[in-house]
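Colleague: Residue numbers (our numbering), protein chains in the order written: chain A, 1 to 540; chain B, 1001 to 1127.
No lab work stands behind these hints: they were computed from the structure. There could be a bad hint or two in this list.
Under 8 angstroms between C-beta atoms, here's a sample of chain B residues computed to sit facing chain A [to be verified]:
| id | residue |
| --- | --- |
| 1 | Leu1082 |
| 2 | Ser1086 |
| 3 | Val1088 |
| 4 | Glu1089 |
What you are looking at is a predicted structure, and each value in this text was computed from that prediction instead of being measured. Virtual Cβ for every residue (Gly too), placed ideally from N, Cα, C.
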Amino acid sequence: MNPSMAGSLAEPDYLNHETTVRSWLLTRDHKRIGVMFLVLVIFALLLGGTFAMLLRIELLTPGPTIMGPMTYNRVFTLHGVTMVWLFMIPAIPSAFGNFVLPLMLGAKEVAFPRLNLASVYIYAAGAALTLFGMVWSGADTGWTFYTPYSTTSPTAVTPILLGVFIIGFSTIITGLNFITTTHTLRAPGMHWSRIPLFVWAIYGTSVIQVVATPVLAMVLVLVALERVAGVGIFDPTRGGDPVLFQHMFWFYSHPAVYIMVLPAMGVISEVVCAFSRKNIFGYRMIAASTFGIAFVGFFSWGHHMFVSGQSTFGSGIFGVLSMLVAIFTAIKIFNWVATMYGGAIDLKVPLLYVLGFIFLLTFGGMTGVAVATTSLDVHWHDTYFIVAHFHYIMVGSVLMAFLAALHYWWPKMFGRLFPERWAFVAACTIIFGFIVTFLPQFLLGNMGMPRRYYQYPSEMQWLNVLSTAGASLLAFGFGLIGIYLLWSLRYGKVSPASPWGSRGYEWFSASPPGPHNFREPPRFEREVHDYTVSEAPHVY
Amino acid sequence: MAEHGRKSVWGYVGIWGVLVVLTVATWLLGTRGHLGSWSLPVAMGIAVGKTALVAMFFMHLVEQPGARRVVFPVSALFLALLLGVSLVEAMTRVRMARPDGPKALEPARPASTRTAPPGSPTRWMGH
Ligand code: HEM
Ligand SMILES: [Cu+2]
Chain A
1 MNPSMAGSLA EPDYLNHETT VRSWLLTRDH KRIGVMFLVL VIFALLLGGT FAMLLRIELL
61 TPGPTIMGPM TYNRVFTLHG VTMVWLFMIP AIPSAFGNFV LPLMLGAKEV AFPRLNLASV
121 YIYAAGAALT LFGMVWSGAD TGWTFYTPYS TTSPTAVTPI LLGVFIIGFS TIITGLNFIT
181 TTHTLRAPGM HWSRIPLFVW AIYGTSVIQV VATPVLAMVL VLVALERVAG VGIFDPTRGG
241 DPVLFQHMFW FYSHPAVYIM VLPAMGVISE VVCAFSRKNI FGYRMIAAST FGIAFVGFFS
301 WGHHMFVSGQ STFGSGIFGV LSMLVAIFTA IKIFNWVATM YGGAIDLKVP LLYVLGFIFL
361 LTFGGMTGVA VATTSLDVHW HDTYFIVAHF HYIMVGSVLM AFLAALHYWW PKMFGRLFPE
421 RWAFVAACTI IFGFIVTFLP QFLLGNMGMP RRYYQYPSEM QWLNVLSTAG ASLLAFGFGL
481 IGIYLLWSLR YGKVSPASPW GSRGYEWFSA SPPGPHNFRE PPRFEREVHD YTVSEAPHVY
Chain B
1001 MAEHGRKSVW GYVGIWGVLV VLTVATWLLG TRGHLGSWSL PVAMGIAVGK TALVAMFFMH
1061 LVEQPGARRV VFPVSALFLA LLLGVSLVEA MTRVRMARPD GPKALEPARP ASTRTAPPGS
1121 PTRWMGH
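So that you can see chain A by itself, here it is in the shape it has in the complex (with noise of 0.2 angstroms):
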């Protein structure tokens, strides 16, 4: 054996130590806590990318193709709601936040191993309920559950809403795990101004899901008791405000897009450094803006609201105060830009979804700056123009961060290398289809294609079966990756403890790491993502 393996295959590792199932589902270890969540989102993402293709073979023609409108409604909602709910909210925080945050502080376990666990099970039971409404009668809201609809449509909305609720404190215990865990269990040498850039995007998440998400409980049981109990708060015949709603659930939901972006932006500041082989420039700039998105994050809801009824003063002080998150999101740019200038660039297939990244969440967040100009938005709102403006930041944006992590990750979690060919097609393959599939889908928007309908006049065919042939190109590539990361778990080539030569403190354990992360207690002398130094890190 190749005495560089030995770190990773002599002993028994976290994934061999035990292997009953037992040993699994009563598990405390955060590292097989993550391969849960990994494997539960990933089901989740199958779930509602099989409703996308569904929606988008719908749209292949101007007329009903597979499905009536109530279908049609029913199958949107659906893709929503598991795509945002079940998918990238939890997503890149409880799967690769739960593996390798710990390994980057230094840390044998996170704070409440415990709550760590529970945390799953809740995870599962709301999906399972909002999964049982969705075969009991699905529901035609959308996933944003406007009132005064959602409080009278026939269709099973209350056992999803409730559904999303319970999800809601699977993500408050991620999110206060991680912050006491960053607060005690940081290692000898890992003082403040050491903590890896992706410890602080998933602190900052966290500090977000655990102050907004009691709101979006409320406000999802205040519509269940209106719907079950008739109390009158937001439909107006009974008194209420429909708009209320609104403010309720967007306050929630606009920082909720910062819980699904920030940890993408912490996952980029890693890849980033290990294949420019340089550390990060401008580290404090980077950790300062993760707290300013999250801040500002919390001062434009109002921007969802622009044609709503709300008060055109409140529309004007929101979208001046949306703007103040390109600012922000511009120096993270400016800064895994100048990272990799001057770098030593090593186009592995993580840096090629860091590109997509870059790329698309820059045309994602100039849209973001367009439709917050209340005079465009009006124009725009409720189109496809906003389909692709969110699905340019979530897909091609959070998504593109997701698979860079899977890959620059899975020789860390399974100990086996994938096929770097195969992986570099499948890469391609989804940048590709990405911009086939929602690019034409900016155009629609503006021509005035309403989001939400299952018709649309024929002129406008040619540019929804450019869309439609984007998205299958899209699931192929997902096929590609499924079948050959199963592959590898097997025949994979066993990875060496470091196997891009990476630096990142996460390196510093063997991989996959023993039972509890460390041999012995690690001291990170370097600043992370030091290159300066030529011998590869110490296997602690």
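Following the hints, position chain B with the ligands against chain A.
Modeller: Below, chain B with the ligands alone, put in the same frame as chain A:
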């Protein structure tokens, strides 16, 4: 946190006394105070003060180091942000351009669906 020393019981009794006084004050102001539209904000203000006392002394926040003490005011601030901004928005809404319609149709339309004129208290609390 067992180590916060022997605290005199009388401190807690004193705080309790203050809470009782504030409760009575709320009731008196509400029933005899004739504060009109101010009665709600005043009552809420007193309630916030009482909550702060409970959190600080009975939940021992005053004895905590800085980082943990921040949690309470930050949560209060976020709540204030949500409520404050939503109310400012609701107060600055324009009256619907749609006229109330022919008088003959009025009875069929529940009063609660009509937009009250700006400044009317029903725009805050409903009917
Ligand atoms: C960074 C990550 C972002 C994500 C994940 C995101 C996500 C979303 C989503 C999901 C929606 C549609 C909500 C719905 O279903 O109604 C949306 C709409 C909107 N976004 Fe973003 N967004 C992001 C960034 C931005 C930025 C930076 C801005 C402004 C500077 C912005 C401004 C808007 C506006 C104004 C709307 C409402 C448009 C309308 O409904 O007419 N977004 N975004
Ligand atoms: Cu928003």
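Colleague: Look at each hint and say if it fits the structure.
Modeller: Hint by hint, here is what the structure shows:
Satisfaction of the interface hint for B:Leu1082 is found here, the shortest Cβ-Cβ separation to chain A being roughly 5 angstroms, below the 8 angstroms cut-off. A least Cβ separation of about 4 angstroms between B:Ser1086 and chain A falls short of the 8 angstroms threshold, and the interface hint therefore holds. Interface hint status for B:Val1088: upheld, as the beta-carbon distance to the closest one in chain A is roughly 7 angstroms, under 8 angstroms. For the restraint placing B:Glu1089 at the interface with chain A, the shortest Cβ-Cβ distance is roughly 4 angstroms, inside the 8 angstroms limit, so the hint holds.
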